[in-house]
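Student: Mapping the sequence shown onto numbering that gives the first Met the number 0, position 115 (from 1) lands on 114, and the numbers just tick up by one.
It should be emphasised that the hints constitute simulated quantities derived from the structure, not laboratory data. Just so you know, even glycine gets a beta-carbon here, dropped at the ideal spot from N, CA and C. One should not assume that every hint holds.
As a list, the in silico DSSO-like pairs of lysine-lysine whose alpha-carbon atoms are at most 30 Å apart [said to hold, decoys possible]:
1) Lys88 / Lys135
2) Lys60 / Lys135
3) Lys59 / Lys135
Between beta-carbon pairs, the in silico distance windows are [to be verified]:
4) Lys177 / Ser197: 37 to 45 Å
5) Pro131 / Leu206: 35 to 43 Å
6) Phe33 / Lys135: 34 to 42 Å
7) Glu202 / Ala156: 18 to 26 Å
8) Met0 / Ala35: 16 to 24 Å
9) Val64 / Lys88: 17 to 25 Å
10) Lys60 / Arg82: 14 to 22 Å
11) Asp102 / Asp6: 21 to 29 Å
12) Leu206 / Lys59: 20 to 28 Å
13) Lys135 / Lys60: 32 to 40 Å
14) Lys59 / Arg144: 22 to 30 Å
15) Gln90 / Glu202: 14 to 22 Å
16) Arg82 / Glu202: 20 to 28 Å
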Amino acid sequence: MVTTAKDLTIFVGHSGSGKTEIALNWAWQLADSFPAVALVDLDILNPYFTSRQLAEPLQKKGIEVVAAPRGLANTDLPAISPRVRGLIKGQEYRVVCDVGGDDLGAIALGQFAADIEDQDYQLLFVVNPLRPLTRKPQDIAARVREIEAAAGLRVTALVSNPNLGGETRRAIVQRGHKIVQGAAARLELPIAFLAVRSDLAGEVKDLFPVPLFPLRIFLKKPWELALGQASPGGAQAFIV
Numbered sequence: 000m001v002t003t004a005k006d007l008t009i010f011v012g013h014s015g016s017g018k019t020e021i022a023l024n025w026a027w028q029l030a031d032s033f034p035a036v037a038l039v040d041l042d043i044l045n046p047y048f049t050s051r052q053l054a055e056p057l058q059k060k061g062i063e064v065v066a067a068p069r070g071l072a073n074t075d076l077p078a079i080s081p082r083v084r085g086l087i088k089g090q091e092y093r094v095v096c097d098v099g100g101d102d103l104g105a106i107a108l109g110q111f112a113a114d115i116e117d118q119d120y121q122l123l124f125v126v127n128p129l130r131p132l133t134r135k136p137q138d139i140a141a142r143v144r145e146i147e148a149a150a151g152l153r154v155t156a157l158v159s160n161p162n163l164g165g166e167t168r169r170a171i172v173q174r175g176h177k178i179v180q181g182a183a184a185r186l187e188l189p190i191a192f193l194a195v196r197s198d199l200a201g202e203v204k205d206l207f208p209v210p211l212f213p214l215r216i217f218l219k220k221p222w223e224l225a226l227g228q229a230s231p232g233g234a235q236a237f238i239v
């Protein structure tokens, strides 16, 4: 799946959708097949769950990490590193973008809309239908349109990521994915893949005729970090 992906893959989605975890996994798998991979962290608001938490292991994997500066929540047009534009316009890297989950994050992305449209890209909206703002197909469709309007770009596909963190079970995935299917039909968009924690992949692989993307869990909650729980990728972390 990853090896046939576009040169530029952009993940957007509301808080709790799991977009950052998926972006991390996408970049990690790309690095197994391509020599030059970059992960652009445009999530300028979320203080806890961010790609930059894992900058060191990502860099050891050979992934360049470019992060937007913090403290930009009150700016109308956040200032982003010139390196981001260079990566988007260049041809040397496979680029993965993790975009903040609200209008401000989409506006940050929108600074590069003209450059992005010139590239071979996919803009994937990650949906966790168990989160408050995306529990119904019509709500998901509304969120997609909001992000599109703010970014000035069209979403090319949905990513289904139904989960309750460590409490996720087969029935939750099954019920949640049906909601995402309803949203995809309403939006007339394909579902790029169904994301699921890797230890559940075997249980759900035959539920739906959609590509399955098993997730290694990288991110940990602040209290897990404080308690010194499992290292990045450990099974006890939660999808966020």
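Student: Now tell me, hint by hint, if it's right for this structure.
Tutor: Results for each hint:
1. Lys88 / Lys135: Not OK: Lys88 and Lys135 at ~36 Å, beyond 30 Å, violated.
2. Lys60 / Lys135: Outside the cut-off at roughly 38 Å; violated.
3. Lys59 / Lys135: violated (40 Å)
4. Lys177 / Ser197: 37 to 45 Å: Given a distance of about 22 Å, which is not inside 37 to 45 Å, the answer is violated.
5. Pro131 / Leu206: 35 to 43 Å: violated (25 Å)
6. Phe33 / Lys135: 34 to 42 Å: holds (38 Å)
7. Glu202 / Ala156: 18 to 26 Å: About 24 Å separates the Cβ atoms of Glu202 and Ala156, which means 18 to 26 Å holds.
8. Met0 / Ala35: 16 to 24 Å: holds (19 Å)
9. Val64 / Lys88: 17 to 25 Å: With Cβ atoms ~19 Å apart, the hint holds.
10. Lys60 / Arg82: 14 to 22 Å: At roughly 19 Å between Cβ atoms, Arg82 and Lys60 fall inside 14 to 22 Å, so the hint holds.
11. Asp102 / Asp6: 21 to 29 Å: holds (26 Å)
12. Leu206 / Lys59: 20 to 28 Å: About 35 Å separates the Cβ atoms of Leu206 and Lys59, which means 20 to 28 Å is violated.
13. Lys135 / Lys60: 32 to 40 Å: holds (38 Å)
14. Lys59 / Arg144: 22 to 30 Å: Hint violated: Cβ distance 39 Å, outside 22 to 30 Å.
15. Gln90 / Glu202: 14 to 22 Å: Since Gln90 and Glu202 have Cβ atoms about 40 Å apart, the given range 14 to 22 Å is violated.
16. Arg82 / Glu202: 20 to 28 Å: violated (41 Å)
Checked against the numbered hints above, the structure violates hints 1, 2, 3, 4, 5, 12, 14, 15 and 16; every other hint is satisfied.
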